[in-house]
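Colleague: Taken in sequence, the protein lines are chains A and B. Sequential numbering from 1 applies to the first sequence in our numbering. Sequential numbering from 598 applies to the second sequence in our numbering.
Just so you know, not all the hints are guaranteed correct.
[Stated by the list, open to error] Pairs of lysine-lysine, DSS-like flavour, derived with a Cα cap of 27 Å:
{"hint": "1", "chain 1": "A", "residue 1": "K225", "chain 2": "A", "residue 2": "K461"}
{"hint": "2", "chain 1": "A", "residue 1": "K461", "chain 2": "B", "residue 2": "K658"}
{"hint": "3", "chain 1": "A", "residue 1": "K99", "chain 2": "B", "residue 2": "K905"}
{"hint": "4", "chain 1": "A", "residue 1": "K565", "chain 2": "A", "residue 2": "K146"}
{"hint": "5", "chain 1": "B", "residue 1": "K658", "chain 2": "A", "residue 2": "K382"}
{"hint": "6", "chain 1": "A", "residue 1": "K382", "chain 2": "B", "residue 2": "K668"}
{"hint": "7", "chain 1": "B", "residue 1": "K668", "chain 2": "A", "residue 2": "K565"}
[To be verified] Stretches of chain B that chain A covers, calculated by requiring three or more beta carbons in the stretch to come under 8 Å of a beta carbon on chain A:
{"hint": "8", "segment": "683 to 697"}
{"hint": "9", "segment": "773 to 779"}
[To be verified] The following label-pair restraints were derived from C-beta to C-beta distances:
{"hint": "10", "chain 1": "B", "residue 1": "A675", "chain 2": "A", "residue 2": "I526", "range": "40 to 50 Å"}
{"hint": "11", "chain 1": "A", "residue 1": "Q501", "chain 2": "B", "residue 2": "G794", "range": "39 to 49 Å"}
{"hint": "12", "chain 1": "A", "residue 1": "V76", "chain 2": "B", "residue 2": "N869", "range": "13 to 23 Å"}
{"hint": "13", "chain 1": "B", "residue 1": "N674", "chain 2": "A", "residue 2": "I563", "range": "29 to 39 Å"}
Think of the hints as simulated: they come from the structure by calculation, not from any bench. Built from N, CA and C at the ideal position, the CB exists for glycine as well.
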Amino acid sequence: MSTIPAAHDTAHGHHDEGSYLTPRGPFLSTVVAWATTIDHKKIGVMYLVAVLTMFFLGGVAAMAVRAELWTPNRYVEQVQPDGTTQSVLQGDLLGKLFKADGLGAANNIYNRVFTLHGAIMVFMVIVPGVPASLGNFFLPIMLGAKDVAFPRLNLLSWYIYVTGSIFAVLSIILGGVDTGWTFYTPYSSTHAAGHWNVVFMILGAFILGFSSILTGLNFIVTTHKLRCPGMGWFDMPLFIWAIYSTSIIAVLATPVIGITLLLLIFERLFHVGIFDPAMGGDPVLFQHFFWFYSHPVVYVMILPGMGIISELIAVHCRKPIFGYRAVAFASLGIAAVSFIVWGHHMFASMGELASAVFSFLTFLVAIPTAVKVFNWIATLYKGSIAINTPMLYAMSFLFLFSIGGLTGLPLGALATDLHLHDSYFVVAHFHYVMMGGTIIAFVGGLHHWWPKMFGRMYNEKWAMLGCALVFIGFNVTFFTQFFLGTQGMPRRYASYVDEFQFLHQVSTVGSWFLLLGFLVHLGTFIHSLVAGPKAPPNPWGGLTLEWETESPPIEHNFHHEPILKHGPYDYDTTVPPHYDPADYPLDTTTPPHDSGH
Amino acid sequence: MTASLLTTLAQDSGPVHGLFFRGDSAWDKGVATDGLFMWVFWFSTFWFVLLMGLMVWWVYKYRRRPGVPAKRSASHNAPLEIVWTVVPSLFLGYIFFRGFHSYIDKLVAPADSIELVVKAMKWNWTATYPNGGVSPDVMRLGASDVPVFVMPAGRAVRFKMYSDDVIHSFWIPDFRMKFDVFPNRYTSFWIQPMQAGETHWVFCAEYCGDQHSEMAAVIQVVTEAEYIEWVTRIGQVGGTPQERGLVVARKNGCLTCHSLDGTRNVGPTWRNAYGNPVPLADGSTIPGDDRTAWDNYIRESILDPGAKLHAGFPNQMNSFQGQVSEDEILWITAYIRSLSDHPLGLAALEAEQAAAGEGENGENGEGENGSNGGEN
Numbered sequence: 001m002s003t004i005p006a007a008h009d010t011a012h013g014h015h016d017e018g019s020y021l022t023p024r025g026p027f028l029s030t031v032v033a034w035a036t037t038i039d040h041k042k043i044g045v046m047y048l049v050a051v052l053t054m055f056f057l058g059g060v061a062a063m064a065v066r067a068e069l070w071t072p073n074r075y076v077e078q079v080q081p082d083g084t085t086q087s088v089l090q091g092d093l094l095g096k097l098f099k100a101d102g103l104g105a106a107n108n109i110y111n112r113v114f115t116l117h118g119a120i121m122v123f124m125v126i127v128p129g130v131p132a133s134l135g136n137f138f139l140p141i142m143l144g145a146k147d148v149a150f151p152r153l154n155l156l157s158w159y160i161y162v163t164g165s166i167f168a169v170l171s172i173i174l175g176g177v178d179t180g181w182t183f184y185t186p187y188s189s190t191h192a193a194g195h196w197n198v199v200f201m202i203l204g205a206f207i208l209g210f211s212s213i214l215t216g217l218n219f220i221v222t223t224h225k226l227r228c229p230g231m232g233w234f235d236m237p238l239f240i241w242a243i244y245s246t247s248i249i250a251v252l253a254t255p256v257i258g259i260t261l262l263l264l265i266f267e268r269l270f271h272v273g274i275f276d277p278a279m280g281g282d283p284v285l286f287q288h289f290f291w292f293y294s295h296p297v298v299y300v301m302i303l304p305g306m307g308i309i310s311e312l313i314a315v316h317c318r319k320p321i322f323g324y325r326a327v328a329f330a331s332l333g334i335a336a337v338s339f340i341v342w343g344h345h346m347f348a349s350m351g352e353l354a355s356a357v358f359s360f361l362t363f364l365v366a367i368p369t370a371v372k373v374f375n376w377i378a379t380l381y382k383g384s385i386a387i388n389t390p391m392l393y394a395m396s397f398l399f400l401f402s403i404g405g406l407t408g409l410p411l412g413a414l415a416t417d418l419h420l421h422d423s424y425f426v427v428a429h430f431h432y433v434m435m436g437g438t439i440i441a442f443v444g445g446l447h448h449w450w451p452k453m454f455g456r457m458y459n460e461k462w463a464m465l466g467c468a469l470v471f472i473g474f475n476v477t478f479f480t481q482f483f484l485g486t487q488g489m490p491r492r493y494a495s496y497v498d499e500f501q502f503l504h505q506v507s508t509v510g511s512w513f514l515l516l517g518f519l520v521h522l523g524t525f526i527h528s529l530v531a532g533p534k535a536p537p538n539p540w541g542g543l544t545l546e547w548e549t550e551s552p553p554i555e556h557n558f559h560h561e562p563i564l565k566h567g568p569y570d571y572d573t574t575v576p577p578h579y580d581p582a583d584y585p586l587d588t589t590t591p592p593h594d595s596g597h
Numbered sequence: 598m599t600a601s602l603l604t605t606l607a608q609d610s611g612p613v614h615g616l617f618f619r620g621d622s623a624w625d626k627g628v629a630t631d632g633l634f635m636w637v638f639w640f641s642t643f644w645f646v647l648l649m650g651l652m653v654w655w656v657y658k659y660r661r662r663p664g665v666p667a668k669r670s671a672s673h674n675a676p677l678e679i680v681w682t683v684v685p686s687l688f689l690g691y692i693f694f695r696g697f698h699s700y701i702d703k704l705v706a707p708a709d710s711i712e713l714v715v716k717a718m719k720w721n722w723t724a725t726y727p728n729g730g731v732s733p734d735v736m737r738l739g740a741s742d743v744p745v746f747v748m749p750a751g752r753a754v755r756f757k758m759y760s761d762d763v764i765h766s767f768w769i770p771d772f773r774m775k776f777d778v779f780p781n782r783y784t785s786f787w788i789q790p791m792q793a794g795e796t797h798w799v800f801c802a803e804y805c806g807d808q809h810s811e812m813a814a815v816i817q818v819v820t821e822a823e824y825i826e827w828v829t830r831i832g833q834v835g836g837t838p839q840e841r842g843l844v845v846a847r848k849n850g851c852l853t854c855h856s857l858d859g860t861r862n863v864g865p866t867w868r869n870a871y872g873n874p875v876p877l878a879d880g881s882t883i884p885g886d887d888r889t890a891w892d893n894y895i896r897e898s899i900l901d902p903g904a905k906l907h908a909g910f911p912n913q914m915n916s917f918q919g920q921v922s923e924d925e926i927l928w929i930t931a932y933i934r935s936l937s938d939h940p941l942g943l944a945a946l947e948a949e950q951a952a953a954g955e956g957e958n959g960e961n962g963e964g965e966n967g968s969n970g971g972e973n
């Protein structure tokens with residue numbers, strides 16, 4: 001009880017200090033101040049803007065992919081004005097849009113667009129998204145620190161991210177690449193069209209890797225060295241555990257992809273035979289290298305999302321996460337096992353022994369993941385559960401991520417994988433994990449922390465509507481793709497046999513709802529920034545340290561170095577049970593500055 | 598026991614199975630794969646419904662209401678947590694084992710299988726039969742003509758696969774089986790078609806460039822007797838030069854990019870091409886009405902495709918130097934001629950061949966493809 005008023009304490013006095021968002025001086029110097037800032041909060045916001053920009057770009061490509069697949073490409077006999085009949089290509093929406101001449105050229109446009117979608121969403125949105133934006137903003141605050149351990153390195157990471165993204169965008173301007181985001185050799189090293197496009201895209205991914213490494217290093221050191229007095233390892237919020245595990249993977253795995261991509265550029269530019277059998281290389285070697293990075297990175301993508309969900313459920317249920325230690329260790333366990341399962345991407349190209357070993361190990365990684373889901377659901381039991389946007393997103397996550405996880409089982413089992421590998425079943429599976437997991441958690445976390453980051457509340461009704469649209473649209477778009485995959489639709493196809501058209505059209509209609517949902521969110525956020533009511537320091541009644549500072553936080557996060565008095569989820573001990581939740585002391589609706597005193 | 602209940606559901610899951618698959622698998626190993634898939638499906642459904650049911654029920658029951666105080670509950674429970682870690686692990690072990698068992702069944706072919714050598718190239722499949730014959734049949738699938746591979750019902754067929762260029766993947770959805778095809782090694786698996794009269798799609802499942810989505814084939818299942826007759830026929834390379842040219846074109850995948858009906862594809866169409874002028878990318882022209890110029894143009898385009906690039910087309914074709922013999926070039930040329938309405942085309946070709954008289958009119962008799970009959 002005695003610890004609760006901490007939030008009120010910080011609201012005392014210091015009213016003139018202003019938040020990190022308060023402009024200092026005229027417009028131009030404010031811009032310069034942002035561009036040269038070493039404040040982790042500003043860098044986090046800059047990352048957020050950059051990542052959301054790339055999300056928009058990748059989203060446009062996704063909508064184009066779904067639109068193209070509305071109809072298959074077909075030659076149709078057509079009577080010309082001069083009376084002759086001619087075979088005319090129909091159904092190639094993107095081909096017509098970009099004035100492609102003939103089937104091959106039309107397909108090529110589609111191939112560039114899906115590569116664009118995949119590469120942007122993976123390398124520029126999902127991998128850096130949560131750690132770099134929300135992680136950057138909240139990791140130091142939740143630890144009670146003033147900033148990350150190496151603030152200048154942090155700014156450098158952002159510039160590296162932007163540089164990498166510019167190379168990728170440059171590649172698109174030059175015409176894009178048609179290799180798929182996986183860059184499989186020897187297609188990518190010798191066959192793919194557009195020499196410099198490929199090199200620039202790979203170079204972009206290579207550069208982005210450094211941003212991941214530096215950010216990861218920064219977070220590891222910050223977690224070790226900058227926890228506030230009183231905060232032991234097991235007093236850390238689970239979001240920190242997740243970001244910490246993520247950072248370890250990023251630091252250990254990213255160099256491998258860096259080297260691999262560099263070798264690919266060497267092969268492409270200087271014809272050094274590494275992966276291309278025509279030059280004495282081995283294309284499967286590339287796949288091993290690539291997945292040795294890209295599989296652990298799947299957990300770089302999902303672990304931060306899991307961390308967010310732990311926060312959302314604890315705070316909005318006002319309960320400690322059930323089995324906190326199990327959840328924390330599950331993060332580390334997943335990080336460890338993630339390094340030895342890469343071969344499950346290659347069951348259709350490896351020998352029997354290797355496949356058997358990797359299949360077995362793959363089932364191991366399922367266990368800590370399942371344990372986490374059980375723990376989250378058990379947390380709901382006897383909670384005091386707020387039905388609001390963050391909670392709806394947490395529930396969406398549990399729903400979608402469970403489907404994503406469970407559909408991993410037939411992909412991990414060898415016999416079924418040889419049917420499902422490289423089909424739409426895989427496409428659906430990884431969208432359920434990456435988008436239904438990471439992106440849904442990201443958007444949920446954004447709603448959860450939005451009042452803290454920008455000091456404004458958003459319209460709850462509209463945000464919940466957006467969430468519902470995203471949830472429905474997502475399931476319509478991607479659940480149909482499970483059926484497409486089992487029925488025989490291969491991935492990365494610009495066209496398909498007639499039998500698949502109905503399911504493709506259902507999927508495309510779903511994508512429109514998804515788009516609508518995100519537009520509603522965009523509108524809600526803009527409305528919040530312009531006209532949203534001021535947010536109190538602790539709108540949800542959270543117990544982690546970020547809720548003890550002001551909304552938005554002051555430049556140095558806290559007026560005084562915080563001293564931890566209770567665990568991150570000690571609702572049972574800090575909130576007396578006889579309290580009426582309506583009068584819950586932290587749930588203030590009046591702005592902090594006007595709250596008396 | 599839950600496991601046996603699931604097995605029962607998995608075996609007898611008609612309508613749900615029908616949602617996922619287009620009918621039962623075409624062989625028993627595929628049926629076993631479906632059995633595992635449906636077992637996993639019901640297993641997953643059980644957990645999913647349980648978890649989501651609890652989630653929705655608890656969120657409703659414990660929703661925050663004014664005047665209702667929060668309850669206290671345990672924050673952990675070691676025995677419960679151990680149980681929910683160990684029990685799913687046992688099930689996962691079972692799924693792994695079944696998956697492995699069924700997988701080995703699908704990879705190891707019986708000793709008496711018919712071996713088809715499958716060659717993948719951008720963007721075509723060819724299958725060479727044990728007697729050296731190559732399927733000349735095609736079928737329209739989607740926007741393209743794709744090769745038809747004839748197989749006998751009831752016989753095991755083993756695919757020995759390699760690629761000429763990039764990685765491809767040979768997927769036969771009805772048999773629940775695929776394997777990647779590499780440029781630097783052979784890979785293989787087998788199937789056993791059961792029902793004569795069935796046709797099955799083959800798709801390329803590993804992204805391979807522009808026409809990836811057109812890289813398909815059709816497996817046509819016939820009776821053993823029909824198969825022997827068919828394979829004997831394709832084993833005998835013969836007929837007119839233009840007929841042989843069509844076989845060579847199919848075998849080398851020419852028709853994936855060059856249409857026969859005038860439609861524009863990755864490469865220029867062969868319909869009504871021969872004898873007409875061709876604008877080149879460098880601004881010059883292959884003159885029309887000139888047999889020598891045209892014959893050389895075809896020859897050079899096969900051996901060094903970039904040398905005289907047709908204006909408006911990408912430089913996408915690989916060289917066939919060393920893969921196509923001089924005879925085969927003559928046959929392909931004859932075939933391309935036969936597709937042309939130009940006076941030097943079909944009309945002139947038929948006149949020449951009529952003048953040469955009935956009987957053997959090939960340039961010479963010793964075809965590259967082995968002119969022996971079937972060896973079954």
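Colleague: Please go over all the hints and tell whether each is borne out by the structure.
Modeller: Okay, the hints, checked on the actual structure:
The hinted pair formed by A/K225 and A/K461 fails the criterion: a straight-line CA distance of about 41 Å is larger than 27 Å. Distance hint between A/K461 and B/K658 is fulfilled; the C-alpha atoms sit about 21 Å from each other, no more than 27 Å. About 25 Å separates the Cα atoms of A/K99 and B/K905, which keeps this hinted pair within 27 Å; it holds. A threshold of 27 Å between alpha carbons decides the hint, and for A/K565 with A/K146 the separation of about 18 Å falls inside it, so the pair holds.
Among the hinted pairs, B/K658 with A/K382 is consistent with the structure: their alpha-carbon atoms are about 8 Å apart, no more than 27 Å. With a C-alpha separation of about 6 Å, the suggested pairing of A/K382 with B/K668 holds against the 27 Å cut-off. Of the supplied pair hints, the one linking B/K668 and A/K565 holds, its CA atoms being roughly 22 Å apart against a limit of 27 Å. Judged by the Cβ-Cβ criterion of 8 Å, the segment 683 to 697 of chain B is covered by chain A as claimed, because 9 of its residues qualify and three suffice.
Counting residues of the segment 773 to 779 of chain B whose beta carbon lies closer than 8 Å to any beta carbon of chain A gives 6, which reaches the threshold of three, so the coverage claim holds. Taking 40 to 50 Å as the suggested C-beta distance range, the pair B/A675 and A/I526 conforms, at roughly 48 Å. At roughly 25 Å, the beta carbons of A/Q501 and B/G794 sit outside the given window of 39 to 49 Å. Our hint of 13 to 23 Å for A/V76 and B/N869 holds, since their Cβ atoms are close to 20 Å apart.
In this structure the hint that B/N674 and A/I563 lie 29 to 39 Å apart at CB holds, the actual value being about 31 Å.
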